[in-house]
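From first to last, the protein sequence lines stand for chains L and Y.
The first sequence begins at 963 in the working numbering and counts up by one.
The second sequence begins at 963 in the working numbering and counts up by one.
Take the hints with a grain of salt, since some may be wrong.
Any copy will do: because identical chains look the same in the list, a pair fits if it lies in one copy or spans two.
Claimed, not checked - No more than 20 Å apart at the CA atoms, straight line, and that leaves these computed lysine to any residue pairs for SDA-like:
| id | residue 1 | residue 2 |
| --- | --- | --- |
| 1 | K986 | L1025 |
| 2 | K1262 | E1039 |
| 3 | K1244 | C1136 |
| 4 | K990 | A1020 |
| 5 | K1244 | R1131 |
| 6 | K1257 | Q1045 |
Hints listed in this document are in silico derivations from the structure and should not be mistaken for laboratory results.
Number of protein chains: 2
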Amino acid sequence: MTFAIGVDLGGTNLRIAAVDEAGKLLEKVSVPTETGHGRHGVLDQMCAIIQQVSGRYAATSKLAGIGIGVPGIIDMETGMLRQSPNLPGWEDYPVRQGIERRLATRVILENDANAAALGEKWLGAAKDVDDMLMLTLGTGVGGGLVLGGRVWHGARGMAGEPGHINVQRDGHPCGCGSHGCLEQYASASAVVRLAREAIAGGKAPELAWLQEAGDLTARSVFDLAQQGDRPAQEVYRLAGRALGVALAGLINLLNLPVYVVGGGVADAWEAFAPAMMDEVPKRSLVYRATAPESKAPGPKTVISRARLGSDAGLIGAARLPMLSS
Amino acid sequence: MTFAIGVDLGGTNLRIAAVDEAGKLLEKVSVPTETGHGRHGVLDQMCAIIQQVSGRYAATSKLAGIGIGVPGIIDMETGMLRQSPNLPGWEDYPVRQGIERRLATRVILENDANAAALGEKWLGAAKDVDDMLMLTLGTGVGGGLVLGGRVWHGARGMAGEPGHINVQRDGHPCGCGSHGCLEQYASASAVVRLAREAIAGGKAPELAWLQEAGDLTARSVFDLAQQGDRPAQEVYRLAGRALGVALAGLINLLNLPVYVVGGGVADAWEAFAPAMMDEVPKRSLVYRATAPESKAPGPKTVISRARLGSDAGLIGAARLPMLSS
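For reference, chain L alone in the conformation it holds in the complex (with noise of 0.2 Å):
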């Protein structure tokens, strides 16, 4: 038997699993990230459990590799990061090369939201196919493409951004400089920001007294929603609405047979998905072609939530060396 090791390696919580070839978890570690000690310390305390973990399975299988969902932009090439927001300091820092002299052994690092990417195709939402995108949605909304059942990296690995694709022409200001990006009406902060704009227009009273109470959250604005709220329900229908204008080009540009919506807002799925698959078919001719209760024949477009949760990093990252191997 073969096993890997996937790591996912967030600015909060650190989580280690050893995962079999056929895809069954044989053991799942997570604790917090030692940040107190800078990139060292995280290294460190990350290759300490790899070993240990790795170390119980070592004389009953052989190891297939280690693979590292990584928060930000990696540069394949060199193995460093060269953007991450939830890793401040990391940039620049060769932390491939960490690693590999840490455990005398070769790794490889893939950028987290493709990493998610694999895991539901490996073993989620996508299982059954070989070609998919997965968008998801947390503080921010990244993505992954899997074309051929391996990461699409593009040419400088920067490939599977779809939280910038353009919904809203002048829309809300984002951080990458652009203006109404998907990523500005879909994430868990922008579920905020619609929060915090309904509350200013004076008719949400039930969100400003969650604002008061200090608890004006993606989950929060969720629950209210579902308690039979308007204006929070209005907010999740205009995420919807922006997640189906870009699923919409998505499907027109690539005709993939899955389409995968996870990350923490996605558990808000029952109050988004209506308004995002009203707004598909109207704008997808080739979405319309082939929905999954059209007729004709050959495969179809599914959109589907995404089924492994907070676990699809770590065992897209394990993944990771057994397609390379």
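Given chain L, put chain Y in place with the hints provided.
Then chain Y, alone, in the frame of chain L:
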């Protein structure tokens, strides 16, 4: 030596070429499409020319095969046209079967915009890369995505419709059912509509004069823009901005090394490219990190005018049998 036959079957012109494996154009025939005798008449005409042309090289060279670019959506499995506005009455007609019976050999059908993309990838503006996207600005806006040197068809052969990416959320209604598609701002029809809107605004006397003379076309608006007419320049500036919004999203998603803009409207490159190239870096973080003028190492992002003109589809069609053999 090996050669292939490429065909560009248009509603107006039928063009057939012999191209050798090195990309040398051996011969090109262009005749008006004889639509007077129906679909059978067109196929008879096309197959007669294919046999004449290929006969001239068959004694000294080996025929690799025959590729045919067709306007419309092709069902790649059955070889039938699904939608074909420029060949009315051809829907659900077994085109490939009709050609193969006449020629007693296998042929490869491809959407004409995909064939053009493949042509530009083989011998044109993207000849040095394996991955590229082409936007074809014609009556509508079509396109083709080439990954790993081959056309990306998607799950049902319907990929490559970047003309229906949204660039203006609640913009002009599109024939596809959506609003604000790229096609509504950057096609020849869109240029004429934008010019009409300027005329209706009452501040575009030169454009109004063109309209009265019955000569309001994408070409005549471009000529006027080149002569310094501000309203005509503004029409192409709007087209350029729309192209920039769409390209920025494509670059963020795919990180390809080359994006090619072709088709008849691309002849107005000088009129729309400045606005397009102003918009892209503002809206794409991936472009800024990979722009030709950026100092970072690694592959750049190039946005280029097409180089093969109206031969792109013909050359790409001839390439098809070389890739599949």
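To see whether the hints hold, each was checked on the structure:
no.	hint	result
1	K986 x L1025	within (14 Å within a copy, 51 Å between copies)
2	K1262 x E1039	between (36 Å within a copy, 15 Å between copies)
3	K1244 x C1136	between (26 Å within a copy, 11 Å between copies)
4	K990 x A1020	within (16 Å within a copy, 65 Å between copies)
5	K1244 x R1131	both (19 Å within a copy, 12 Å between copies)
6	K1257 x Q1045	between (46 Å within a copy, 16 Å between copies)
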